[in-house]
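Chain A is fixed; fit chain B onto it per the hints.
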Amino acid sequence: MWKFDGQNTFFNIYNDKVLDVQGGRDQEGNNVQVWNRNRSKAQQWKLIYVDKAEKPKNKGFDKDLGLERNRPFYIVSKLTMERVVECWGANNIILSDFTGSLGQQFFFDPVSKTIKSQQWKDRSMTIQGAGRSANLHMTTTNSRWFQMFRYKNNNIVNEKGKVMDVVGGRDTQHNNIQVYQKNNGMGQQFEIVYADEMPPVPKKGELNK
Amino acid sequence: MFKNEKGTILQVAHHLDHESYPIGHNVKDGLFSEFDVVYADEMEAEPKKGDFNDHFGMHIERPFFVVSALSSERYLDILGRNMVIKTPNGRTSQQWYFDQKSRTIKSMYRKNWSWDIAGSGKSNNMHAWNTNSKWW
Numbered sequence: 001m002w003k004f005d006g007q008n009t010f011f012n013i014y015n016d017k018v019l020d021v022q023g024g025r026d027q028e029g030n031n032v033q034v035w036n037r038n039r040s041k042a043q044q045w046k047l048i049y050v051d052k053a054e055k056p057k058n059k060g061f062d063k064d065l066g067l068e069r070n071r072p073f074y075i076v077s078k079l080t081m082e083r084v085v086e087c088w089g090a091n092n093i094i095l096s097d098f099t100g101s102l103g104q105q106f107f108f109d110p111v112s113k114t115i116k117s118q119q120w121k122d123r124s125m126t127i128q129g130a131g132r133s134a135n136l137h138m139t140t141t142n143s144r145w146f147q148m149f150r151y152k153n154n155n156i157v158n159e160k161g162k163v164m165d166v167v168g169g170r171d172t173q174h175n176n177i178q179v180y181q182k183n184n185g186m187g188q189q190f191e192i193v194y195a196d197e198m199p200p201v202p203k204k205g206e207l208n209k
Numbered sequence: 001m002f003k004n005e006k007g008t009i010l011q012v013a014h015h016l017d018h019e020s021y022p023i024g025h026n027v028k029d030g031l032f033s034e035f036d037v038v039y040a041d042e043m044e045a046e047p048k049k050g051d052f053n054d055h056f057g058m059h060i061e062r063p064f065f066v067v068s069a070l071s072s073e074r075y076l077d078i079l080g081r082n083m084v085i086k087t088p089n090g091r092t093s094q095q096w097y098f099d100q101k102s103r104t105i106k107s108m109y110r111k112n113w114s115w116d117i118a119g120s121g122k123s124n125n126m127h128a129w130n131t132n133s134k135w136w
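The listed protein sequences correspond, in order, to chains A and B.
Read the first sequence against the numbering used here and you will find it ends at 209, with the numbers running on by one and no gaps.
Read the second sequence against the numbering used here and you will find it ends at 136, with the numbers running on by one and no gaps.
Bound-form chain A, shown alone:
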């Protein structure tokens, strides 16, 4: 049984211990525990009634995550052939020639805070094996840390620091995409190009600049 003191503390009615973020670590998925009062920020909470809470923004640029909300985009590799990232068969993520298909389009969902597939909208970019694998794929959205990515300085960066990476830096059709330690190689550099701003594929007879 728990009480809220009307200020910022939840405390147990029997032992007077309070709700506390373990170790004061402000990390995604960190544990919450009971602890003796120490008045630290880790023991302070706001109670916000859902009917008074600010509605999440559905449009516009999310500064923290570096992406426009709900605006479809391509993830274009900065390797020479400028291939794009594609969700292949609603599952694996690979490098592919640009076709403009929905499987090559992604969007940032401001509710789940994940990068979703435009073709399979219930799926988000995920580090496979609940974050234990290096492989990137698309799976059902759950907003766990292994689905949390931001776009920063041409990298797609996971919450725990690894970045999207073309395997071996090989600029080949259908090469696999994974996550890897950041190394500033071109295989880790991507441009976000919003679908409504993507230049069309040049046609036969046109000058390829």
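The set of hints was computed from the structure by calculation and includes no laboratory data.
Some hints could be false.
[Stated by the list, open to error] Going by beta-carbon spacing under 8 Å, a handful of chain A positions derived as facing chain B:
1. W2
2. G6
3. N12
4. N31
5. Q33
6. V34
7. K41
8. Q44
9. L47
10. V50
11. A53
12. W88
13. F107
14. K160
15. M186
[Said to hold, decoys possible] Partial selection, computed: residues in chain A whose CB lies under 10 Å from chain B:
16. I13
17. Q27
18. W35
19. I48
20. P56
Glycine residues also receive a C-beta, built at the ideal position from the N, C-alpha and C atoms.
Frame of chain A, contents of chain B only:
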């Protein structure tokens, strides 16, 4: 005070003001032996949904978020059954409400789960567990 014919007095066992503590009897008196008799037709009605419960500091059955004061302002959430902090994501696992009947804080994700100190209060870990209205 309630005293029987042989002089023993109804009292709270071990004199402890704890939730769900048993009632016993003894010959000593004190605050632990004092009870008010409130006739049912004069008993104050239980507060209803939406009312504010002064004692617990929350509105009844009005869903809320619990937001950490740490700099990222993550929300209290459930992972499996464990209570953790996570980025707001619109899921009901981040919504809670005060239940007047059980006097517990329940999850909107599983309405038969309440805040619970693991190990029947012997651990420090917080999780969401089947409602039992025990002190933990």
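Closest C-beta approach of W88/A to chain B relative to 8 Å, hint status: It is violated, given that the least Cβ distance between W88/A and chain B is near 26 Å, above 8 Å.
Minimum Cβ distance from P56/A to chain B below 10 Å? Status holds, d = 7 Å.
Hint check: 8 Å Cβ-Cβ cutoff, F107/A to chain B: violated (15 Å)
Is the interface hint satisfied for Q33/A? The criterion is a beta-carbon contact with chain B at less than 8 Å. holds (4 Å)
Would the hint on N31/A be counted as holding, given a Cβ-Cβ threshold of 8 Å to chain B? holds (6 Å)
May I ask you to test the interface hint for V50/A with respect to chain B, counting a Cβ-Cβ separation under 8 Å as satisfied? Hint holds; V50/A Cβ to chain B Cβ min 4 Å, cut 8 Å.
Interface hint compliance - Q44/A to chain B, C-beta minimum distance less than 8 Å: holds (4 Å)
Taking 8 Å as the limit, does the beta-carbon of N12/A come near enough to a beta-carbon in chain B? At about 7 Å, which falls below the 8 Å cut-off, the nearest Cβ of chain B leaves the hint on N12/A intact, so it holds.
Less than 10 Å between beta-carbons is the criterion; does I48/A satisfy it with respect to chain B? Where the cut-off is 10 Å and the nearest Cβ of chain B is about 5 Å from I48/A, the hint holds.
Closer than 10 Å between Cβ atoms is the bar; does W35/A clear it against chain B? Give me holds or violated. Hint holds; W35/A Cβ to chain B Cβ min 7 Å, cut 10 Å.
Report holds or violated for the interface hint on V34/A, using the least CB-CB distance to chain B and a cut-off of 8 Å. For V34/A, the interface hint holds, since the closest Cβ of chain B sits about 5 Å away, which is under 8 Å.
Interface hint for M186/A, Cβ within 8 Å of any Cβ on chain B: violated (30 Å)
Hint check: violations occur at hints 12, 13, 14 and 15; the rest are consistent with the structure.
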